[in-house]
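Listed below are the residues making up each chain.
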Amino acid sequence: MSVTTFSQAPSMAAVARFGWRLLRRKPSAELWLFLSCQIFAVTIVCGILLFTQRIEWAIYSENAKLMAADLLVESSRAIDQKPLAQWQQYASEQELQTASSIRLSSMLYFEGALQLTEVRAVGQAYPLRGQLTIAPDLSAQPSVATVMPSQGEVWLDARTARGLAAMPGDFVELGSVRLKFVQVLHDEPGLVLPSLGLSGRALMNENDLSETGLLSAGSRATYTWLLAGEHARIEHMMQWLTPQLGPHQRVFSSQQGSQRTTRTIERAKSFLNLGGATALLLALVATLVTAYKYLEREQHSVAVWKAAGFSSSLLSRGYLLQFAAWWLGASVLGCAAGFTLQAAGFYAIRDWVGVSAGYSWQPFILAVLTALFCLVCFALPVVQGLSKVSPMRLLRSGTGLKGATYTLLWLLPAFTLLLHTFSENWQATLAVVGSLLLLVIFCWLLVALLVMGLQRFLALTQTKIMALMPVVYLGLRAFSRQRRPSQIRTTALAMTLSLLVVVVSLRSELLTGWQAQIPDAAPNYFALNITESERDRWHEYGDEAGISSQGLFPVARARLVAINGQPTAERAANNPDAQRALSREMVMTEAATLPLGNKVVLGQWHGNHQQASVSVEQSIAQQLDIELGDKLQFSFANQAVEVEVGSIRSLNWNSMQPNFYFILSPPLLKAYPYTYMTSFLAVPQQADALYELGSQFPAVALIDVGDLMAQVKSVLDRVGLAVQALAVVTVFAALLVLVASLRASLDDRLHEQSILRALGGQAATLKRIAMVELGFSGLVAGLVGCGSGALFVFLLGRQVFELPMALGLGTAVWVLVISVAAVIAVGLAILNRVYAVSPLVIWRKS
Amino acid sequence: MTTAKTLALSAHNLTRALQLGEQQIEIFSAIDFAVAAGESCAILGASGSGKTTLLGVLAGMDPPDTGVVDVKWGDQTFNIYEHDEDWRAALRGKMMGFVFQNFQLIPDMTALDNVLLPLQLLNNGDEALAKQWLHKVGLGERLNHYPRQLSGGEQQRVALARAFAHEPALLLADEPTGSLDAKTASMIMDLLFDLHRSTHSTMVLVTHDRQLAARCDTIFELDTNE
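Line order of the protein sequences matches chains X and L.
Heads up: the first sequence at position 500 corresponds to 500 in the working numbering, and the numbers run straight through without jumps.
Heads up: the second sequence at position 177 corresponds to 1023 in the working numbering, and the numbers run straight through without jumps.
Read the hints as simulated data drawn from the structure, not as lab findings.
Using N, Cα and C, we set each Cβ at its ideal position, and we do this for glycine too.
Heads up, some of the hints might be wrong.
[As the list claims (entries may be wrong)] Sample of chain X residues facing chain L (criterion: CB under 7 angstroms; computed from the structure): (1) Pro247; (2) Val251; (3) Val376; (4) Arg481; (5) Gln482; (6) Ala758; (7) Gly760; (8) Gln762; (9) Ser838; (10) Pro839.
Please put together the full structure from these sequences, using the hints given.
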């Protein structure tokens, strides 16, 4: 007698056959919607990550061009050979290219003419990034330099050449060597960190520098060690190098760029991460909504299969196989769509980007993981819901969803993990997840409260409203009686709107903020070393040439030597940032009037009071722990002066105006040797006037910051575009949620509307009732979304973006209007077939 | 609104076919049908013979491919398919009541709300009338119960109350006992005929049960198109 084992696991072939049978079925609307959500999620992740990564790389590459390297170490003293050899060794192990340069200011002589020039001595490896352009004479078109100056040669820029009246072929003197002027120097990388004080430029071979005798002890030269290579290796090198740097050394990476671009990129990345996470979350919400509908639809088929003897494990595995096939399909399609979208986006801005930024696998891997996550969101509730309930229960009960609800519990940690994979920052991830949880709870409670309030209101006023506005009554009644679905749908919509409000508000705040950073009329030149005797003439010349300066500031260099009698060296012993700030002389000014863009945040502006007082910029005050009333001792050319801190100021460092850490009360500064500095805007058509300015004021140093500004503007334009694109993607995701949530209730609505039509409801009346119901749903979602969104905008602005942000009334009204209109429009579009098809057809199908 | 005994229904040369892919399936063709005012008529036929489709056509919910459906209302006669869907819906709302095989109650509405619904669609939210009808069908104690809290027989009684609440001149019933056990079915049919008689309405009853059909004044039998 044989014993049959009924609990035997199904064979792979049986699972494959069943999975294949499931796949071959005609896809239902829920399945299409689910696949769309999944493909959309993958597209978002892949597209956004690829796009931002390439934009980021393009920006870094641009920064690198300006820096002449991906990473550089700058030192105010010659870098010791021993550590340098170690660094070189490590750099070569990391397969990084290296080069060095020395920059100093010195006088160039030619036939009795003198010109103060910034000289850079370089080897043949320079520059590692970017290009130099040179021309054989002053009037020739520049071309890219393929080699650097040979020994005995020097390249001069046009300003220096004109100042010296030297022509290519002439020999100019630098210290104790004579160098042949062979090329006119035009564009040059490395200008992102201009040294204040000099405007003429010269480039020479590094081997000639020692013979000049200019590198004596105490000479003010800047030694730069440059590196270039692959992104990850550069990042690694930076991490390795930073702790080894001395107090006179600083490291810059192209990923840091200038302060302005860095902050902008950080904000943009925060926004893109948040926006991406939002869009992804919305896609997941849509997926979940669809999943439950799909589950409802599938349970009948499963019940039939179970009744026919299919085991739970065969069904589970078969469904899992089907889901795996969807995962594969959605991953491939989503990645292809994401890649195409970012490629199209990149193509659209190819003129700005101008570099062929590469790709990494990371976005594709993350996108596929996202698809997997989406699938888990979808598959687990379905598989669990369908396999754990008996066929009788499935046949008799309405839903059979209870078992599936618990799977949602572990989706939260899974989502957290996925988000962390995006942001690579636990703090940010937990903040986002926590905020979203709060948002869900907040929206749910608020919607529940409103629905309960409506129910109570309708119960009290039923007869009156029914008599006055029957359609309104029936619409509101339809909303309030389907309490749970209404609440779920409205909460999902409210959350969607809330996130949309956040994304749209941030977008406009960031764009406005960035545009305001560099106004069109921002100065693009700084002028230094204007003497007291030249002051009036400078004004006169400026008026004649149409170049108006932003105000002349008397400046002198000084060191902060003591605070409240305590030497600063002691005070900053444990603070490397403070040490760095104190290691250099600072440019000081005096002013009776608070300069434009400055704001006193503590104390009182000194004005014209005779008491010696100083106003301190707040970031340096924090760094050096300076408080109101502290006594600061400065050393001006070895003469000490003590002043009391009268105020702490904030200022806009992006204003392109001369800005100062310390502003003394007049006439303190003018007791010491001083010159004036100013800034002004010069358009390209004023090139001749600028040249004339150089001739009229040969000792005045002009610094062109136009390139730097152009770079900042270009970065802002790029990230602005990405931000705009993401806002559009989020709106699309929000629409997806709306469609999914309305689609999920379509069957019930079809059935209900067909009954109403059979009972004599006219299509127009039923449409109006539906409009009231949908409109109210949109209104509640809009109100709750605006409320929670406003709170989030405020908090995010304060905590993450450091911008004073608030949801404007205009935006709130727009959100409400759009919410109501969108829900009605999408709802009616979906429900339209209810009114077009005979109730009989619907009954036959149900 | 007491409209009983004033509505008669007739149909001539009705044809209805369904398009399934490239294949056209004829459900019925060249049918003539009539029921006099205040009388009851059973449409009898096997499954798939087109009984429900014919009922839908007679109710103005499903236009026929050919033929006319006339409603005689007092001295006036209307071909209902000469009018648009909204007109026909208004006609159904005012003059017709429906009873369905699967009750077709709205699940998230109480028994009272379900009965109130057709009244509200007529801008007449007369709660007292709805309650009165629920009492009449024996559900006076179950006013605030939801369909899921009621048995099949009770649900069908709610459906009957809903069908009669606005005192229709024509009652259309589609296999009203199809989902019920024999005992409950018998009780429901007794109730249906009682209400039909007491309201003097015209009734069209779709059934496959010959015994049940025999209780009607006339029988109209549909053949299966094989």
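Taking the numbered hints from earlier one at a time, note which ones the structure violates and give those numbers from smallest to largest. 1, 2 and 3
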